[in-house]
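Chains as they are written, first to last, in the working numbering: chain S, 3 to 489; chain P, 3 to 489; chain X, 3 to 489; chain R, 3 to 489.
Rather than coming from a laboratory, the hints here were simulated on the basis of the structure. Please note: incorrect hints may appear among the correct ones.
For lysine to any residue, the following SDA-like pairs were computed, each having C-alpha atoms within a straight-line distance of at most 20 Å [claimed, not checked]:
hint: 1; chain 1: X; residue 1: LYS81; chain 2: P; residue 2: PRO11
hint: 2; chain 1: X; residue 1: LYS226; chain 2: R; residue 2: ILE467
hint: 3; chain 1: S; residue 1: LYS193; chain 2: P; residue 2: PRO11
hint: 4; chain 1: P; residue 1: LYS252; chain 2: P; residue 2: HIS276
hint: 5; chain 1: X; residue 1: LYS414; chain 2: X; residue 2: GLU441
Number of protein chains: 4
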Amino acid sequence: MNVDLYQEPLVSRYTSKEMQKLFSERTKFTLWRRCWLALAESFYELDLQDEDGKPIIKEEQIQELKDHLTDINFEEARKKEEEIRHDVMSHIYAYGKQCPNAAKIIHLGATSAFVTCNSELIQQREGLKIIKRRLLKVIKNLADFAIRYKGIVTLAYTHFQPAQPTTIGKRATLYIQDLLMDLEYLEFVLKMIKARGVKGTTGTQASFLELFHEDHEKVKKLDKLVSLKLGFDNAFDVTGQTYPRKLDTKIAEVLAGIATSSHKFGVDMRLASHLKIMEEPFEKAQVGSSAMAYKRNPMRSERLTALSRLLIGKIINFYHTAANQWLERSLDDSAIRRIDIPQSFLLADAILILYNNITKNMIVYPKVVEKHLKEELPFMVTEAILMKAVERGKDRQQIHERIRIHSMEAAKRIKEEGKNNDLFERIANDPIIPIEMEELNKLITDPIVFAGRAKEQTEEYIHNIVEPTLLKYEDILKQEDEGKVRY
Amino acid sequence: MNVDLYQEPLVSRYTSKEMQKLFSERTKFTLWRRCWLALAESFYELDLQDEDGKPIIKEEQIQELKDHLTDINFEEARKKEEEIRHDVMSHIYAYGKQCPNAAKIIHLGATSAFVTCNSELIQQREGLKIIKRRLLKVIKNLADFAIRYKGIVTLAYTHFQPAQPTTIGKRATLYIQDLLMDLEYLEFVLKMIKARGVKGTTGTQASFLELFHEDHEKVKKLDKLVSLKLGFDNAFDVTGQTYPRKLDTKIAEVLAGIATSSHKFGVDMRLASHLKIMEEPFEKAQVGSSAMAYKRNPMRSERLTALSRLLIGKIINFYHTAANQWLERSLDDSAIRRIDIPQSFLLADAILILYNNITKNMIVYPKVVEKHLKEELPFMVTEAILMKAVERGKDRQQIHERIRIHSMEAAKRIKEEGKNNDLFERIANDPIIPIEMEELNKLITDPIVFAGRAKEQTEEYIHNIVEPTLLKYEDILKQEDEGKVRY
Amino acid sequence: MNVDLYQEPLVSRYTSKEMQKLFSERTKFTLWRRCWLALAESFYELDLQDEDGKPIIKEEQIQELKDHLTDINFEEARKKEEEIRHDVMSHIYAYGKQCPNAAKIIHLGATSAFVTCNSELIQQREGLKIIKRRLLKVIKNLADFAIRYKGIVTLAYTHFQPAQPTTIGKRATLYIQDLLMDLEYLEFVLKMIKARGVKGTTGTQASFLELFHEDHEKVKKLDKLVSLKLGFDNAFDVTGQTYPRKLDTKIAEVLAGIATSSHKFGVDMRLASHLKIMEEPFEKAQVGSSAMAYKRNPMRSERLTALSRLLIGKIINFYHTAANQWLERSLDDSAIRRIDIPQSFLLADAILILYNNITKNMIVYPKVVEKHLKEELPFMVTEAILMKAVERGKDRQQIHERIRIHSMEAAKRIKEEGKNNDLFERIANDPIIPIEMEELNKLITDPIVFAGRAKEQTEEYIHNIVEPTLLKYEDILKQEDEGKVRY
Amino acid sequence: MNVDLYQEPLVSRYTSKEMQKLFSERTKFTLWRRCWLALAESFYELDLQDEDGKPIIKEEQIQELKDHLTDINFEEARKKEEEIRHDVMSHIYAYGKQCPNAAKIIHLGATSAFVTCNSELIQQREGLKIIKRRLLKVIKNLADFAIRYKGIVTLAYTHFQPAQPTTIGKRATLYIQDLLMDLEYLEFVLKMIKARGVKGTTGTQASFLELFHEDHEKVKKLDKLVSLKLGFDNAFDVTGQTYPRKLDTKIAEVLAGIATSSHKFGVDMRLASHLKIMEEPFEKAQVGSSAMAYKRNPMRSERLTALSRLLIGKIINFYHTAANQWLERSLDDSAIRRIDIPQSFLLADAILILYNNITKNMIVYPKVVEKHLKEELPFMVTEAILMKAVERGKDRQQIHERIRIHSMEAAKRIKEEGKNNDLFERIANDPIIPIEMEELNKLITDPIVFAGRAKEQTEEYIHNIVEPTLLKYEDILKQEDEGKVRY
């Protein structure tokens, strides 16, 4: 690392080598060469002829291009670029130096956007696939967690105030549901990605029509063939100079969506850590503050929130870039896409690595869960108490009023005097209410009944919805070799 | 209109009554009643029984609820709300006043979110359908336009500088392609919309499980049945107190996407108006400035840009609201959704009304198109000239150098002396270049050849892609009765 | 309220009549008339003459304009606008109908932007003054609160985890400091606001130079004089057709800044409500949920958060509008400013009304504060315990290790077993540590010592910084008559 | 450059070494050491004593700290950090290794935020100073340009449609006025920047109060003294753990404001390039497209637009981070500030370098300016023609109607037939209008009269407003040694 100049923290701190490589110079220029090779091969297969009917592309040329697909002579290109200030032209030159026979047919009929657009589309397609893998891993972690804790009853919180109980596992299904929506949209957008194909300077394919001597069918086949060779099912039907920047907005939405889901989870974890009911994993070597040895800050979850906020903020740039493209193309997309596209993928990568890391070993403290529940449970069971009393012949209105008064007093005592909830004592000691402490305590012995269908919902959701999805992606999940990523 | 207090311009100026009605108080409270009716009917059909096995819901009660589905007693509800400050409770009370027998079973087992969430989902679903109609109408307009002008060759512009020609019609296909992406995503999201269903305070369905005496299957059926009655195929599998606010982000993305496409078109129209090659329609009564009678500002296109920018800006709010919901629900979504959801739909409505209005009668000035083309065409045909000269036995390098010099001189003359392009004169007068003015002029007689496949692409795109889509939506297009909307 | 069409919630629910009036049609058109009157008066004072040296403006005309400054004939204007579709022309016509003599000199030499820009500048200037009043009131509330609770020691929280104690009052000074930054910037921007003045169609003042027969000095005086009459110290030195939209961004920053400060406070209040250490005020009539009678949700603070998020989101629109104005002016600012400027002021109004409402009667529960503090205090005083033990002749390392072990055990017990903190018991019962329970309890009797300078900082900050500011604005604070605003 | 991993384009392409160094690891850790040194020196000067009244800090220790202020042993720190995972602790250790005597007093009583916050404040303060220099340079360029072209009359454009003329120089004053607003705000915010000072873990200064044996005055002096040593006039009066993140929003506003001004200029340049009236400078070596040798795309202005959009988009992150800080501090600010603060400064740096580069050598084509003006001028002088005719005894209404008809015909001919404006021919040939072609041509000989006070405004603005400002900053302007920056 160069300590004398600014270094991008996304690279130096948070992301996987896999994603960093995808957006490296090496990958970019290798993809350009793949585009040029695909073009030459397609010309060859479509039998491009000169005015005398002789084939323009020779087999040896193609072999030469193949031989030098990956051994990029960066220095050669860099020196040329300093001279002529045109990156595509410089790399044509450098490739040509390595392929003396093919030099003259590299980039034949093409424009810069042919290599830049198609390469960027491949990078984003492959980037989404990496993201998909990471996403599935997190879903898997959360599904395991949900099942494990499906029956641990906890206070639910609305307005961050105690509310009708749920279970720890059920809460986790909500995070999964968000991520499954992200996955579904990711798949939708993956299918939306087409090649920019072979379209010429302003999208009219004029140069190719000329090269094929006005043979429209051959031009259409060329477009299709090159796209297939680059791994796309289709090319965009029509384009200006570039593929529509609107597609970038859809990809950015996928990533911002993942950030939104992750942010919600991150904030919840920070609240849960405060409650001491759940904690992110801590590494053995990790030490807390030297002053407060017991302190365990939810640093990963906070970082998850921070990076998610950053990724969410990027979306607006993509919209405005697409919305402000003038006519067949303006270049106010270049510098901003050059930065925002890789950074968005790197951020999503960092976020999912963190999310995976946290969910893999989340700790639950059932005793604390139970303690919180107990403190508030009395308020929640007052309705059941009323039922019992009525069954025992008491007047509903009278009992209701007694309970109301006791509740108010208990709440006041807690907040104004800082004491524990003594509602049960009050009720048990009230001669009018025909219920003893023993029975009251029994009433809350099995708090699962207050959690309604939380446990069953968790089971049903995991078995009916999540497991089939994970099964479908089994192979991809296996590829997510965690050894490859840095945490 | 109340002139003494601020009035929302979206309502007073830009949007359709249809969309305004959808987000009115009347629609909202009528939908709440539909939710309560659906709940009562479903209980009835599932044979909800009291502890003695007697049916809880009576047929007369359901009939009463039906009878008062739409005659909302606003005053009654308003007075109650002033007293108890709870809108749902006030409307339960007001409905109950009209349905004395059913009063006690309205809202049985339910929470506020049962009516608010399900109603908002219906409003958004119906809102998207209105938007879909408007979108299709614009696509239709543009398709007609593209076919009409498929062969009108025009300069293309990259960097807003003249580039290889295209056609007016071909350019229009780019706008259509953007809108078809919006349509595709709209359909995808429409399918994502599910009912919030019958889930209880924190999503556990506890109260309903109690009502059905622990019969899980009946609770599941209730959830499904109510959802079907409200026009949904499904309910969300799991929820907290509310449906996941993440869904709002997807709907907002659809609308922001439409804004992005519309903004790009609006800016292009403003550039085209400057070029005097195209104009938005002008109404007969419309007068320009009193000072400059000839002035025709592209005011609609500018407004389209303005409203689109506003709609694009809303997306970030939706993301942050979803990202910041705490645990089972926090109320920091309420005031912002109450404003941003209706306004987003109203904005999309306003935008598509404008877009429709502009595209319905766009004017093209072929003579101006041709003039611009002619001014720049000489530069663009220099390559062809070179070919001809070489065919006539001249030395390629010598001719290339002559052309280069003439080009430079011509460009300099235009910019430094403000004169017309005299490149052809220079070439024709050059004894070394074996081409006469007559031939040069002939060379540019049929500029369609410089536009490559633009015309064919337009035909293919409209016939193969757009027309089948329009056919599929034929019925919806017919519904888009323009008489209903204010322009 | 019209129940059949969408109604803006900002108006129907959250804002003051005062702010609603400022952005009403009546205010707008009255301001237009003030602009026209100021122009006529200034012409008169500068002795505008026709080509024969006779005065163009008569005293009677000015009197007529004055007589009809506020009795706007809306219907007349509305009918005209339907015909000619130009709002400024319609209001010139309507004003002229009421002022038959002055009719011909209304708007003399002026353009629409003369009335629209200057009026909008006045509205924003006056809007900022209302906001300033509200802001000062909140600062006053918080200052009173800070002094009242300057000595109430509470756990501070970093990472929402217990940290070194502070005081309730000290925490409040942080909110004040944020608001004082907002106030300081508000004053800065108020001074930045200048009149658009009298600049003509494209800012060159050409028509006025003609009217004054090439007398440059008179044109400059006219610009200055009209600006003074409209309550501005200066006019912008140069303009295009409109005043620079960049100014709008600065005003929007002031409002977004207030939203940012308010959001932070709102979130803190929601966390404090969860902790039960503080609560927003509850109205007597206000009832909680019928199911959970004790529940007190921090609804105002949540709404504060929601509205602040909405206001923060608006900033980006203002930047993009300013950034995208083309050359001397483009109209893509019109529809967006028409909506976003009033809404931003209404939002800031709503936010400060809420913030005032909450801070006026915030409740603190010192007993709960103390309880939380006590639960965590043992961890925080371990260092002091170590000191004491060493003083009593014990080996530092041995005692440190004992304390470390006890701390770990206590923390584990809390989280894994859900029990209270028993660190003191452990220490008191440890024969090696020479400290009894009595002394330990004494050690935490006066927890103010753990809060360092929190109390003194609060006193110093309020007395040295806040009070002088409030004194300076005493008159403005008195004007903030709360009777006028709806909560 | 590492070609195998992603490289930040801001560093590799667009920014100055000066700004990259400011945000390097070396600068950061050197600043940390400056903080530690300032703390030790201040303790020494305030005579910090142990319990026996002996000085705690020795002169040799301070000398040692000074001796190793800049020779950071990165490797030592890095290895330590790998072990204990705490960057501040690792650098305390590494510094201590170089300063064996001072080791024990480094960081005495301080928290991590002491070094991180104060260092970041210094970086931002110095960053703003660099930006100020760059800004002044651009203002200087534009002022020179404005004076040079103050009298070159050009069409103004509203709605990007021809409007009443202005001058090239006058238009440039609008850009300057925007930048002067930026400069004014930058100065305002520079003054707002205070030290975070010496505040302790949660802002209470508890540890320092202890160190100074409850001497409040000494703690206050310590805070002040350290701040002065770090180059600040003051420290924040109160803080939580960190300085208020609200300050970051004000700094971000300054930078986003510069982006807004620059974006507007960039778009105008792109429109002006299209009109061929102005061009950004081209380097000698720079070649256009190989296909279209004459093409000169406004690439720098487009890049300026792109980078400005990116910088504008960052503002919302800063607001949300400040708005979401919980209580005394939460760590969801860390990763996002680590990325967004440096990137915002780097972007502003890149933008102003480009803006400077463009304005230094902007090219104007007066002949093209004149040509456009001439094409539209006839429409604009019709009012003057009317005056003349009336003076010559003709009936005003008759002549007005003749002119109106001719105008309509001329406009139609231009747009529908693509021909030149022949309004003058029509008027000259009309026997009823008593004006000959010669006189008409004379009327437009000196178009400066149509530009009103544009020239005088330019002179006045530059002399009265801009020059005094530049004079005031003369020294700073000289420092802007362009040799240091890469373009």
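Verification of the supplied hints:
1. X/LYS81 to P/PRO11: Status holds; Cα separation ~19 Å.
2. X/LYS226 to R/ILE467: holds, 16 Å
3. S/LYS193 to P/PRO11: Violated, because 40 Å separates the two Cα atoms, which is more than 20 Å.
4. P/LYS252 to P/HIS276: violated, 36 Å
5. X/LYS414 to X/GLU441: violated, 25 Å
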